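**Student:** Got chain Z sorted already, so can you dock chain B onto it with the hints?
Residue numbers (our numbering), protein chains in the order written: chain Z, 1 to 754; chain B, 1 to 299.
No lab work stands behind these hints: they were computed from the structure.
One thing to keep in mind: the hints can contain errors.
Claimed, not checked - Taking lysine-lysine and the DSBU-like style, the derived pairs with C-alpha atoms no more than 30 Å apart in a straight line are:
{"id": "1", "chain 1": "Z", "residue 1": "163", "chain 2": "Z", "residue 2": "194"}
{"id": "2", "chain 1": "Z", "residue 1": "56", "chain 2": "B", "residue 2": "168"}
{"id": "3", "chain 1": "Z", "residue 1": "56", "chain 2": "B", "residue 2": "254"}
Treat the numbers as computed from the prediction; the structure is a model and nothing was measured.
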Amino acid sequence: MLPLPLPLLAFGFGHLAMLGWLVAAAAPLIIHLWSRRHHLEIPWAAVEFLVAALEKNARRVQLLQWLLLAARTLVIILVVLAVAEPYAERLGLSYAPSVRTHRMFVLDGSYSMGYRPADMSLFSRAKHLIREIIDGSRQGDAFTLVLLGDPPRAIVGHPTFSKNDFLAELDGITLPDAGGDLAATLRIVLDVLKQVRSEQPALDRHEIYFVTDLGRTTWQPNAGSFSNTLDSPTSLSTGMNQSTWEQLAKLAELIVFDVGLDDAQNTAVTSMTTSESFSVVGRDGVYEAAVRNFGSQPKTKCLVQFLVDNMPIEDRRIDIPAGSEATVRFVHRFNEPGSHVIAARLGNDLLDADDTRWLAISVQQQLRVLCVEGKHNAARYIANALAPDPSSLSMIRVETIHESEFVEFEIKNFDCVFLCNIEQLTPGEIEEIGQYLQQGGGIIMFLGDLVIPERINRAMGSDPNTHASSPSARNDSDRIPLLPVSIGELAPESQYHFDPLEYRHPIIQPFRGHEAAGLLSTPVYRYFRLEIQPNMPQVEVALALDSGDPAIVIAPVHQGHVAVIATAGSLASVDSQTKNPWTVWPVWPSFLPIVRGLLDHTIGGRRDLHNVRVGQPFGEVLSGSNVVQGDKVEVTRPDGTTHVVRLRNGAGQMRWIFEETDRAGVYQAIGGASPDARTQFAVNLDTSESDLAKVMGSDLPSQLTVHKTWMGFDEPIPISVMRPYHIHRRLIYLAILLLFLESYLGWKFGKVVA
Amino acid sequence: MPGERTAHRFLDPAVLAKLQGLELRARRIVEGYFAGLHRSPFHGFSVEFAEHRDYAPGDDLRYVDWKVFGKTDRIYLKQFEEETNLICYLLLDVSQSMQYRGPESPLSKLEYAQCLAASLAYLVLRQQDSVALVTFDDSIRQLISPRGNPTHLKDLLAVMEEVAPTGKTRTGPIFHDLAERLKQRGIIVIISDLFDDVDSVLAGLKHFRHRRHEIILLHVLDRAEREFPFDRVTLFRGLEQLPDVLTDPRSLRKAYLAEFEAYQRRLQAGCRAQGADYVLVPTDRPLDMVLSAYLNRRK
Numbered sequence: 001m002l003p004l005p006l007p008l009l010a011f012g013f014g015h016l017a018m019l020g021w022l023v024a025a026a027a028p029l030i031i032h033l034w035s036r037r038h039h040l041e042i043p044w045a046a047v048e049f050l051v052a053a054l055e056k057n058a059r060r061v062q063l064l065q066w067l068l069l070a071a072r073t074l075v076i077i078l079v080v081l082a083v084a085e086p087y088a089e090r091l092g093l094s095y096a097p098s099v100r101t102h103r104m105f106v107l108d109g110s111y112s113m114g115y116r117p118a119d120m121s122l123f124s125r126a127k128h129l130i131r132e133i134i135d136g137s138r139q140g141d142a143f144t145l146v147l148l149g150d151p152p153r154a155i156v157g158h159p160t161f162s163k164n165d166f167l168a169e170l171d172g173i174t175l176p177d178a179g180g181d182l183a184a185t186l187r188i189v190l191d192v193l194k195q196v197r198s199e200q201p202a203l204d205r206h207e208i209y210f211v212t213d214l215g216r217t218t219w220q221p222n223a224g225s226f227s228n229t230l231d232s233p234t235s236l237s238t239g240m241n242q243s244t245w246e247q248l249a250k251l252a253e254l255i256v257f258d259v260g261l262d263d264a265q266n267t268a269v270t271s272m273t274t275s276e277s278f279s280v281v282g283r284d285g286v287y288e289a290a291v292r293n294f295g296s297q298p299k300t301k302c303l304v305q306f307l308v309d310n311m312p313i314e315d316r317r318i319d320i321p322a323g324s325e326a327t328v329r330f331v332h333r334f335n336e337p338g339s340h341v342i343a344a345r346l347g348n349d350l351l352d353a354d355d356t357r358w359l360a361i362s363v364q365q366q367l368r369v370l371c372v373e374g375k376h377n378a379a380r381y382i383a384n385a386l387a388p389d390p391s392s393l394s395m396i397r398v399e400t401i402h403e404s405e406f407v408e409f410e411i412k413n414f415d416c417v418f419l420c421n422i423e424q425l426t427p428g429e430i431e432e433i434g435q436y437l438q439q440g441g442g443i444i445m446f447l448g449d450l451v452i453p454e455r456i457n458r459a460m461g462s463d464p465n466t467h468a469s470s471p472s473a474r475n476d477s478d479r480i481p482l483l484p485v486s487i488g489e490l491a492p493e494s495q496y497h498f499d500p501l502e503y504r505h506p507i508i509q510p511f512r513g514h515e516a517a518g519l520l521s522t523p524v525y526r527y528f529r530l531e532i533q534p535n536m537p538q539v540e541v542a543l544a545l546d547s548g549d550p551a552i553v554i555a556p557v558h559q560g561h562v563a564v565i566a567t568a569g570s571l572a573s574v575d576s577q578t579k580n581p582w583t584v585w586p587v588w589p590s591f592l593p594i595v596r597g598l599l600d601h602t603i604g605g606r607r608d609l610h611n612v613r614v615g616q617p618f619g620e621v622l623s624g625s626n627v628v629q630g631d632k633v634e635v636t637r638p639d640g641t642t643h644v645v646r647l648r649n650g651a652g653q654m655r656w657i658f659e660e661t662d663r664a665g666v667y668q669a670i671g672g673a674s675p676d677a678r679t680q681f682a683v684n685l686d687t688s689e690s691d692l693a694k695v696m697g698s699d700l701p702s703q704l705t706v707h708k709t710w711m712g713f714d715e716p717i718p719i720s721v722m723r724p725y726h727i728h729r730r731l732i733y734l735a736i737l738l739l740f741l742e743s744y745l746g747w748k749f750g751k752v753v754a
Numbered sequence: 001m002p003g004e005r006t007a008h009r010f011l012d013p014a015v016l017a018k019l020q021g022l023e024l025r026a027r028r029i030v031e032g033y034f035a036g037l038h039r040s041p042f043h044g045f046s047v048e049f050a051e052h053r054d055y056a057p058g059d060d061l062r063y064v065d066w067k068v069f070g071k072t073d074r075i076y077l078k079q080f081e082e083e084t085n086l087i088c089y090l091l092l093d094v095s096q097s098m099q100y101r102g103p104e105s106p107l108s109k110l111e112y113a114q115c116l117a118a119s120l121a122y123l124v125l126r127q128q129d130s131v132a133l134v135t136f137d138d139s140i141r142q143l144i145s146p147r148g149n150p151t152h153l154k155d156l157l158a159v160m161e162e163v164a165p166t167g168k169t170r171t172g173p174i175f176h177d178l179a180e181r182l183k184q185r186g187i188i189v190i191i192s193d194l195f196d197d198v199d200s201v202l203a204g205l206k207h208f209r210h211r212r213h214e215i216i217l218l219h220v221l222d223r224a225e226r227e228f229p230f231d232r233v234t235l236f237r238g239l240e241q242l243p244d245v246l247t248d249p250r251s252l253r254k255a256y257l258a259e260f261e262a263y264q265r266r267l268q269a270g271c272r273a274q275g276a277d278y279v280l281v282p283t284d285r286p287l288d289m290v291l292s293a294y295l296n297r298r299k
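Chain B on its own, in the form it takes in the complex:
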């Protein structure tokens, strides 16, 4: 529940403390169920006062209810009908490739992604928005409908807890499927290593954009995948049914990095073309730093 301390392995109190005061606000118009921080596409339903909520630093002072302030010495914001709540769809990749944990990384990519998803869910729920969770690999494993109820966080964490990675990443078809299913516009937060065909990924993103979702792509990568630091003959056992490769990594390091950077560049360029936010999330960086950096930039 927002404002409460959640004792769960995906939610580090220290991280959450550092995220205090941050919000995930929609840059675009979103379709909420009820009043919220975000602009609604609907007009004329009510322009009247709906309810109060606590002032948070950064809120627009125009909406401060000065009368209440005069009576109670506490600052509340008036919420009107033209503001609606945000629906944040967290798309969490739970494929086998997300299981990888490099030699110098504290967490596997999946664990890091789970923490990331939990923190975002906490953040969204705390700002009284709704959050949905979709776990997928080669198909959609779980789909938790969006809710703004603070107890919803427990459900999300429980679902993430039960994740058992087995399948292969097939983002394209899944994104198309979800684009059809998620009718209400919101923020699509994709948390994945995206080890899939780039064209397929970008096609899925395009579909989301067609549905007028705002897209945030959190690209979770291990440091070893980005730097390839191995120097002994190594058998690389392919995850997700990919073949094993026995090679001297020193001889291929540059070539590998070139391939990897080309892939990243294509992905970034595709995101930029779709108006999606591309955020590189190295698993060796502290979670709060990644989130606060992005959210601050997003302001």
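Isolated chain Z, as found in the complex:
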């Protein structure tokens, strides 16, 4: 049981016995009676004038006397009641019974509230604090509860008058593994508040309690020193938030309970990546974990443990200076194909949520690449570059087909598709490519002498004149062009060379310092001018020609990647006039590294689909004759609970989506096309919340009254402010008013005129 609140008034009497001071209200009456008994006594000659004055004013004088007496008595009563009010409130002896209060609790649900400096986390402390306030509330008070999270939730959106119901809801809340979106939370708070005010007009008073650690990343997201994923930084004191605070302050009293610590230390794994674009059996992969020390003190011999499929593989100890990041690498080779998860985990730390980071990868026996050629040998050099040794031991298995066979292939089974000198694509093929990209596939398109730009542009949605009326445009996502460029006119025949664009792009970076490797000397005679789609984001020109035109353009499309190369990938493309090949690049030394680079760069999309942030959905697109709408997929969350999702037919594809990703960890999906196959998904935190620095009090809106509730680890929570409806201030004001009235009456008393 926590102690009763400290005295609210400096002149408090200490406890409820102070109500005994009400007896003092009899003082004016006693003084009045006493003064009448202990009066002066004088002989008086002019009695008849006194009697005459008395007779004419007796009633008025008596009335004034009573008023004066009543005012004096009331002043004492009001002062005593004002002083005793907080204690009376605690015992339910309220003398303001008509006042009913709506208390809205905004509980900080950002994962930094999981910080556990003692035997209890900040989140548990916050819930404990709310419970204390609820226990101290009176019958007739109403309660609502909003979780400050990302996204925020109204846990109790409609006011409840039952303490037990409210506390049951409170107890049921678990801390999500997410940050906090203050702006969105304030919108919900305002909506709930307005709704309560309109639906429950009998509630006289509204109080909003923000129970939070006042983390800067939540309360002042644009001021953080480490912010890697914030989408819409919003200042506390400007813009929408300021307006919302002002609206809230007009409608309710705003109170902040600060449960955070001023100098909290925290270390987090902020990323878990691999430099390999694909993983195959028997090939060493390098895995890299970034560990950041967010605290003000250096961490020495910090334990970092690597786990593969939840089995510890390797331990490392590292030193991390304060406010710095360290990178730890380890090498691992998978011997079994399938879905695997690699994790990096920190040792002892007070905030658990950000101590582990997972990376889900799909390990294959071989990487499967499909080359579609418009004419014979159009993909020959590409296939050779990808798999010089066509044996089954090669990491990459290449299948080459003619353009006419393309429609019969299920390209979803391939990790990457090369389109080599394709003349045109049918709508069915376009649809197949679109679905493939939505599944995270990679498309690499080499142009050539067979390509008809208008047809390709129209078919791939990159022709703005025809795209809007495309029959394949079913919805907004379908309207996204499948190519990041519009294929323009054929450049005049000449000898062009590549411009590496300062080797900025990762594909070209290996050539930096190796000018003799052949990239700069690669001759190109014919190519199509590529015009970058103006409305597509993240379009990159990896390589250009010395004419200034792009040579290689790469961009993410849907969940996959598309690369377009302006010239041919074989010697089979020849100029119709001179019969010279478009380029001899396929036989040039720079060809193989760039084809490999293109492959690495475009096949990462599928891995991205298996690695999402908390709150983002994951799922799969399934195909095959055995896939039926309504088939179930069982998803097991990190907390062990299993959810069933059903396959749905959307946009011509069978897919399932799982959205309950509010907890970081490994999610396992079983079912769908292969009921026995297990697919793992890694859901990781946005670690911006790992910075436990607090917002400065001066940066908080002026409408907030902040109360610090955690002075030390071992101290109980001192609830220095309980905010039941206090009328003591009004009582004091009334007493002061009565004092003025008493003075006036006293003055009037001496001025009674007959």
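**Tutor:** Coordinates of chain B only, in the frame set by chain Z:
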């Protein structure tokens, strides 16, 4: 005796010194026993010289006896038969209400009135006029006949010394009674707080006027009665059998003062209507100032 120093508590030498040279002269015709400063209603008795008296500043120089002046170098006035002496009737209220003495007053109203009466008697006797004294409350207690003998002052003082206030003021009947008794016209000097029915008082005054007396009303009041300065709950014990009143004086101060001022206004208006002199005599003011102010004004 006029011109002598009288050692008596009602006669303060300092006061008397300040009254030197002042006279109480009748404005109207008075009926004296013998020659004096005042015009007589009787004619033909003698227009001859009667006697001399010392010149006093302010005397009419027409009556200076220049022959005597030439022989003696001293100035004497000739007195003729058409001038008679003044009879001054001092009516002294000795009722219980006159006993009141306010917290800031040096004397009770009665003591002040006694001093006032003694000083006036001294003044009148000094100017060789006659003075009578009547003490009264609800009846006439003492009536000392008018005399001009200087030793008469001792008798008057002795009577005033013996005063023992007991009764209630009943001025009306007493004034009527005195108007019938005082046959010779003179100056009626009423020294009282007049806490009585105003109509009754004015009726008595009217009777005096009917008897052709000149009336001087010296209204003796204490400062506390005029300002009512009390601020604590007080039991006012009524004098003259009036009831006791327990009240908070602050609440009644204005009302009391209004009543009191209305009473004073009525009294003053009544006096003015009767041709009587109304003189407010606050007991906290020095006696000589009150008398000299009035007598100078009267000149």
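**Student:** Determine for every hint whether it applies to the structure shown.
**Tutor:** Hint-by-hint comparison with the structure:
Pair hint residue 163/Z plus residue 194/Z holds up; C-alpha atoms about 22 Å apart against a cutoff of 30 Å. Of the pairs offered as hints, the one joining residue 56/Z and residue 168/B holds, with about 25 Å between alpha carbons and a cut-off of 30 Å not exceeded. Between residue 56/Z and residue 254/B the CA atoms are separated by roughly 12 Å; this keeps the pair inside 30 Å, and the hint holds.
In the structure shown, no violation is registered for any of the earlier numbered hints.
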